[in-house]
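**Q** Just need the whole structure built from these sequences, with the hints factored in.
Those protein sequences? They're chains A and B, same order as listed. Sequence positions in the first sequence follow this note's numbering and run 1 to 85. Sequence positions in the second sequence follow this note's numbering and run 86 to 294.
Some hints could be false.
Stated by the list, open to error - With a straight-line cut-off of 16 Å between C-alpha atoms, the simulated EDC-like cross-links for lysine to aspartate or glutamate are:
hint, chain 1, residue 1, chain 2, residue 2
1, A, K79, B, D112
2, A, K45, B, E214
3, A, K73, B, E146
4, A, K73, B, E141
5, B, K120, A, E57
6, A, K78, B, D111
7, A, K73, B, D112
8, A, K45, B, E278
9, B, K120, A, D61
10, A, K73, B, E116
11, A, K73, B, D111
In short, the hints are calculated from the structure, not lab data.
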Amino acid sequence: MKCTEFLQELTNYLDGALDERTKSELEDHLAWCHNCYVVCDTTKKTIEIYRDSELYELPDDLRGRLRSAIMSKCSQHKKSSPGSA
Amino acid sequence: MSAIQSNVSEPISEELALVRAAKRGDDTAFEELVKRYDRNVFRIAQHITQNREDAEDVVQEAFLKAYGNLAQFQEQSKFYTWLVRIAVNEALMKLRRRRPERMVSLDEEVKTEDDSLPREVADWSPNPEQMYNQAELRDILTRTIQGLPAGFRTVFVLRDVEGLSTEETADALDLSIPAVKSRLLRARLQLRERLSRFFQKRGSGDGNK
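**A** Next comes the structure, spelled out in structure tokens:
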């Protein structure tokens with residue numbers, strides 16, 4: 001397996017979406033190709049860092065305000081077009 | 086019982102029960118759906134629009150649209166996937182309005198096949214997130230993901246941050262499964278490459294072991 005072929009399958013590999021045979025070909029490649037090993041490992045870390053990052057958490061006070069605004073608009077909508085919701 | 090009927094006899098999910106109650110006019114049930122997904126919609130909206138006010142608007146507009154069109158929701162996909170689809174469209178509209186000079190589309194294609202090929206393969210520090218304080222890390226992650234094209238950013242956020250499946254992401258974005266996979270690969274590789282600047286092992290770049 002070449003490095004470019006490895007890269008093509010990287011997403012499927014990280015998502016556990018490969019058949020056993022392709023997976024084992026990939027792992028053979030990883031065993032001797034240090035660059036691909038690093039790319040694979042750091043791509044995995046990239047995903048984990050973003051998954052755990054809690055970027056853009058919705059603060060409680062804003063959350064409460066947004067919810068009241070949504071529910072009050074929903075109830076206006078219901079009054080203006082009864083039977084549609 | 087035949088296999089074909091097995092779906093019918095499955096107990097309906099809690100989500101679907103709420104959706105059906107909301108369809109019958111039960112606003113408390115709809116409010117439960119809001120509580121369940123408002124954080125996710127806000128996060129997705131802010132990732133796409135990169136603007137807090139726009140994200141607040143998107144949350145409101147997406148839920149309101151969902152409420153107004155609930156009768157049209159066919160229950161063939163999850164309510165959440167349907168909601169994400171509405172939210173993504175609202176967010177992209179905001180983005181286009183804010184940046185009319187740049188075409189913003191989920192269909193923007195990648196110019197070359199090589200744009201994501203790794204150039205920088207230096208290994209990272211074993212605990213990269215501990216190299217910076219929380220505020221610095223947040224800043225690095227935000228600026229890095231903001232540098233991706235909207236189409237890549239959106240796929241990455243839905244798949245890897247929000248945990249939608251490839252099929253759900255394709256459904257929410259109206260993309261084919263191969264298109265989702267190809268964007269996801271490129272998004273992941275581009276983010277990795279850009280983060281390497283911040284996270285690579287320090288003091289090991291000169292060949293001294």
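**Q** Enumerate the violated hints, using their earlier numbering and listing them in ascending order.
**A** none
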